[in-house]
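S.K.: Sequence:
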Amino acid sequence: MLSFKIETFIKETWISVKKRAFGQEILDQTLIQLNLQHAVNLFGIRVRTSRGRCKWLHLRNTISVEFKNYTALTLRVKFYIQPQQLDVNTRKYLYRQLLQDLRDGTLKPSSQEQAIQLVTLIAQAHHGPGSERNTIADSIFETYCKMLTPETEVSEDVLQRIMGFCKKMSGLSKRQAQMKLLELASTLPLYGFERHVTGNTLGIIALLIGSSGLKIEYDRHERNLSIPFSEMMSISQDGGKVDINTCQVGQSPRCLRVRMCDKDQANAAYRSLGEMKTFYHDDEVPASVRDMTEQSFIGKKYVFDVTATLRQIEDYAQRSHNTMRIVREVVDSFSRGTF
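If you use the UniProt record's numbering, the sequence shown corresponds to residues 1 to 339, in order.
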């Protein structure tokens with residue numbers, strides 16, 4: 001048996017699996033310990049390598065294929081959906097994950113007004129309604145003030161605006177404040193996006209991949225470009241390069257070739273594009289994605305790791321809701337003696 005420490009945003013978790021176990025077993029055990037198993041299709045295990053890079057543990061392959069020179073495993077929400085579609089436990093976990101992303105700067109507000117609202121909601125979610133606190137001295141504000149201003153001190157004007165928003169939010173419970181923060185965070189430009197650093201091809205410094213498609217980050221920000229999944233005809237990888245074939249209505253097909261830093265980075269970006277496109281854009285997982293394999297040193301391994309689409313998850317949730325409604329109606333009928 002092999003034992004692994006899984007870093008989570010709730011508590012440190014240890015799990016044990018056999019040497020030939022699949023990645024899915026690691027995820028399943030972790031989610032069960034945290035009571036998050038109902039959202040298994042949204043989570044993944046993030047692997048940090050000895051080179052400081054991060055990749056997703058492939059759940060459909062054996063861990064003997066996946067674990068090479070890793071230093072840390074972290075449970076993260078991989079596929080982001082709207083907060084109101086999440087169960088309570090998953091919502092709490094996503095909230096803590098987003099707090100870490102805001103602290104790290106991987107998720108950023110697009111305006112100072114958004115930053116003020118985020119910082120205030122974080123404090124409200126921490127303290128709850130009716131609590132006495134000194135806003136200026138509050139450690140919550142000190143922790144997240146980098147979102148407000150690049151300066152070391154927050155200006156008096158910003159503090160006054162924070163105080164004003166605090167008064168508006170003062171009646172919210174901790175859960176309500178968390179929900180409002182999640183709803184606000186879901187509107188941020190990079191909510192749910194993964195950043196893949198490139199080899200600076202044609203001025204392209206990163207590929208940002210998320211629910212709406214691909215955002216291309218250039219060395220000059222004014223040149224940034226977005227490509228929705230609906231315009232992507234095909235995606236392929238050739239060594240350290242990723243080819244994205246696109247076609248807009250009324251225009252000729254085009255191929256964007258992006259050179260990544262190396263083959264591993266290209267593989268991560270290619271896999272992310274395929275999985276995100278399938279999850280957010282397709283009605284169901286196509287066989288070409290589900291069954292694609294490549295040769296590894298111990299045999300064949302799956303390329304993509306997505307077993308359900310957003311549409312399928314929503315359909316299942318709707319059927320479950322309808323079933324529960326029918327059950328409640330039947331129970332009510334029996335209790336009234338009208339069945």
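Simulated from the structure, these hints should not be mistaken for lab results.
Note that this is a predicted model, so its numbers are computed, not measured.
Hints are not guaranteed to be accurate.
Pairs of lysine to any residue, SDA-like flavour, derived with a Cα cap of 20 Å [as the list claims (entries may be wrong)]:
#1 K92 / N35
#2 K215 / D243
#3 K55 / G239
#4 K18 / S64
#5 K263 / V285
#6 K55 / E284
#7 K68 / D305
#8 K108 / S64
#9 K92 / K18
Using C-beta positions, here's what the derived DEER-type ranges look like [stated by the list, open to error]:
#10 K168 / R254: 45 to 53 Å
#11 N322 / N89: 19 to 27 Å
#12 N245 / R290: 17 to 25 Å
All residues carry an ideal CB built from backbone N, CA and C; glycine is no exception.
S.K.: Take the hints in turn and mark each one as holding or not.
M.R.: Results of checking the hints against the structure:
no.: 1; hint: K92 / N35; verdict: 11 Å, holds
no.: 2; hint: K215 / D243; verdict: 15 Å, holds
no.: 3; hint: K55 / G239; verdict: 17 Å, holds
no.: 4; hint: K18 / S64; verdict: 10 Å, holds
no.: 5; hint: K263 / V285; verdict: 26 Å, violated
no.: 6; hint: K55 / E284; verdict: 24 Å, violated
no.: 7; hint: K68 / D305; verdict: 18 Å, holds
no.: 8; hint: K108 / S64; verdict: 36 Å, violated
no.: 9; hint: K92 / K18; verdict: 31 Å, violated
no.: 10; hint: K168 / R254: 45 to 53 Å; verdict: 48 Å, holds
no.: 11; hint: N322 / N89: 19 to 27 Å; verdict: 23 Å, holds
no.: 12; hint: N245 / R290: 17 to 25 Å; verdict: 21 Å, holds
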